[in-house]
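J.: Chains A and B are the protein sequences, given in the same order.
The first sequence lines up with residues 1 to 124 when you count with my numbering.
The second sequence lines up with residues 125 to 271 when you count with my numbering.
No wet-lab data here; the hints were simulated from the structure.
Note that the Cβ used here is the ideal one computed from N, Cα and C, for glycine as well.
Please note that the accuracy of each hint is not assured.
Covered by chain B, according to a simulated footprint, are these stretches of chain A (three or more residues, beta-carbon under 8 Å) [unchecked claim]:
| id | region |
| --- | --- |
| 1 | 17–26 |
| 2 | 44–56 |
| 3 | 66–72 |
Below, each chain spelled out in residue letters.
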Amino acid sequence: MNVELRVTPDKYLPHRYAGASGDFNPIHIDVEFAKSVGLPQNILHGLYSMAQVARACTNAAGGDPRSLRRLSVQFRGMGLPEQEIVVTGSVKEEGDGRMVVAAEAVQGDKRIIRNAEAELETPR
Amino acid sequence: MAVNQAAIGKRFPPFEYEVGKEKIAEYARAVGEDNPVYFDREQARAAGFRDVPAPPMFAVVYSSGSVAPAIFDPEVGINFAMMVHGSQEFVWGEPVCAGDLITTETSVKDISEKGGMGFYVFESVSRNQEGREVVRGTWTNIVRGDS
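When you get a sec, could you build the whole thing from the sequences and use the hints?
T.: Here it is in structure tokens:
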């Protein structure tokens, strides 16, 4: 089983995610503010990118939200809107109805999530 | 000057969040979830849920109201201008469904310093109305120049 998911967050995605999550930090939704603190533009929420890793792993295990038991990630780099996110992963361990998947998320050649590890219950 | 570790072990008051069906749908749409169980009560019930389930990462929605005050606590003393979210872990228990009342408690798990950076680790534990654990989150914030 391989994990792969591709998604391109549109220009307004950070605004929708801010509303959905309640995280209105201006670095995510205000281009001028983001530039004033040295960022190239407004950046994606790290927890949005983590949600893409969660979705990729859950879908690979059959799509049942109950299958995802644990997910840990390290945030690196900065995710940007209007650039494709590619989540890839592979099974590290499998047995007894569970598996451990190692994954990462990149935009182009930049890793935005590294050392992701998911523990999943496999479909019976 | 080293990081101030006095706040290690500090616990914050419980935070309650009532999970709504339309909030789940809003979150699911924002993160691109398309499994119909997140939107349709009948499909959710057919799949064995009490009501529409929340996607696992919805944990952010009901627990951040508990975690944010801990991160912003002056006794913890984080310099926000230099802070980045370094890593995150969630361990899931019982599924969360629309209509659940989730109570989250956060504590300061660790404060340490490495290579001139401060590591502030918070743990949140969320339980449903029956007292069952639904998620345990470990939130690590890194503060540059904390030395």
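J.: Hint by hint, say whether it matches the structure.
T.: Now for the hints, and whether the structure bears them out:
| no. | hint | in the structure |
| --- | --- | --- |
| 1 | 17–26 | holds (count 6) |
| 2 | 44–56 | holds (count 8) |
| 3 | 66–72 | holds (count 6) |
The structure agrees with every numbered hint stated previously.
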